[in-house]
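Novice: Letter by letter, the chains look like this.
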Amino acid sequence: MSLKSIVLLTAATVGVAGSALAHHSFAMFDVAKTIVIRGTVKEFAWVNPHSWLYVIAQKADGTSEEWALECSSPNMMIRWGWNARDLKPGDKVAVDIHPSRDGRHVGSVFAVYLADGRVLADPMGRTGVSGDDLARGKPKTPTQPIGEPLK
Amino acid sequence: MKKQCAQRMTLYAALLGAVLCAVTCPSPRAAQTNPAPVRGEQWSAIGRLPDFWRGTWFTRKFRYDFTRLPPLTKNAAAAASAYLREQTRGRNLDTSVANCTSPGMPAVMDDGSMPIKFLPTPEMIVIYLEGYSQARFVHMDGRRHAQPPNPTFLGESIGHWEGDTLVVDTIGFVPQVRLPVRPGSNPRAPALLPHGPNMRIVERFRLLTDDTLEVKRTLYDDALFTQPVEHVRHFHRDTSREGELQEWVCSDNRDYFDEATGILYYGLHTGPTR
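Going down the list, the sequences are from chains A and V. For the first sequence, the tail end lands on 151 under the working numbering, and the numbers increase by one without skipping. For the second sequence, the tail end lands on 1274 under the working numbering, and the numbers increase by one without skipping.
Think of the hints as simulated: they come from the structure by calculation, not from any bench. Certain hints may be false.
Restraint ranges, calculated between C-beta atoms of paired labels, are given here [unchecked claim]: (1) A/T40 <-> V/E1123: 34 to 40 Å; (2) V/T1218 <-> A/R118: 53 to 59 Å; (3) V/T1209 <-> A/D102: 44 to 50 Å; (4) A/I56 <-> V/S1096: 53 to 59 Å; (5) A/A32 <-> V/R1144: 51 to 57 Å; (6) A/G62 <-> V/R1054: 54 to 60 Å.
All values derive from a computational prediction rather than experimental measurement. From the three backbone atoms N, C-alpha and C, an ideal C-beta is built for every residue, glycine too.
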């Protein structure tokens, strides 16, 4: 996927902000849908105010495509147990996300499953989190991917 | 003749002053050390204040949770309805906050997952805000507000102690600071409207327990509300390592919101793989 294709127009999205804490509206993500992206890390941008995980996703038909996956702030992710070195180019991952409403290859991350069995949770990327989950500590998280496979 | 006399008198006065000063004036060394006991006492007095200082404080709540708002002014009600109508139509109502501009007071205090920390000095209490890497300067030296203060995102804060309660009065905000407003049906997300010119925030901080800090806020804005807004929020002390303050550089942003068009561009590559 080219750079231009991940530049998104969100004017067509509907609904209200999914997270009052974020810098921008998360209304572009469809929180009613959960899919799992399985593939290889291309880049992990550990940056404020939101980290971005770029993954080359393997599809069931054998083809692949790039997805840009939005995480929370590193400051929060550190407090949820993440480390900047947890993800590096070439790593095999599965990522549960809420996809963009407009069909673009963008999603809101709420759990990353590493090859060594560890799970990195990002509760802000998911609906229904409490303030306590957001503040610090280990959030409740699934132990294996729960999303629908990527079609 | 008269002029010469005056010059001579001035010279004599200067000489006399120099002689007297040699006897009575403190040496520069003495001048430096003399105020030390007073200064030390000022710092010691901080140790007798309620302990706001240890660790950091997390609010663990969403920003903009002003649940009970007073009736809106006519103009504010109309503006809020228009805002929510646009939101329902799907228009992106992000602001320059998406581009890392501070949301300003009071929202900047309330980033649920990023802490604040109180740092005391004799002249001011600094409240460091991890979110937005900002610091509030609460002047404790008995001054009055500037007339008027130059506007800022955090406002001009003057504080004093009333027993165990720290009372902070803040005025002088830039127009970009917005307030949450809920007209009528109380939708899930509030309308965020620009504050009025007379916005004033009075905060009363006190420890409910050793690890719970209450802030009672009274927010005055006669352009938006027909009565003052009363708001209570609790902060929880964190002394763990993961609760410590962290750097937060928002200008590393991969997102960009174009306010002119209402388009949010996000996930932009600016890193090494570009």
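Novice: Hint by hint, which ones does this structure get wrong, listed from lowest number up?
Specialist: Of the numbered hints given earlier, those the structure breaks are 1, 2, 4, listed in rising order.
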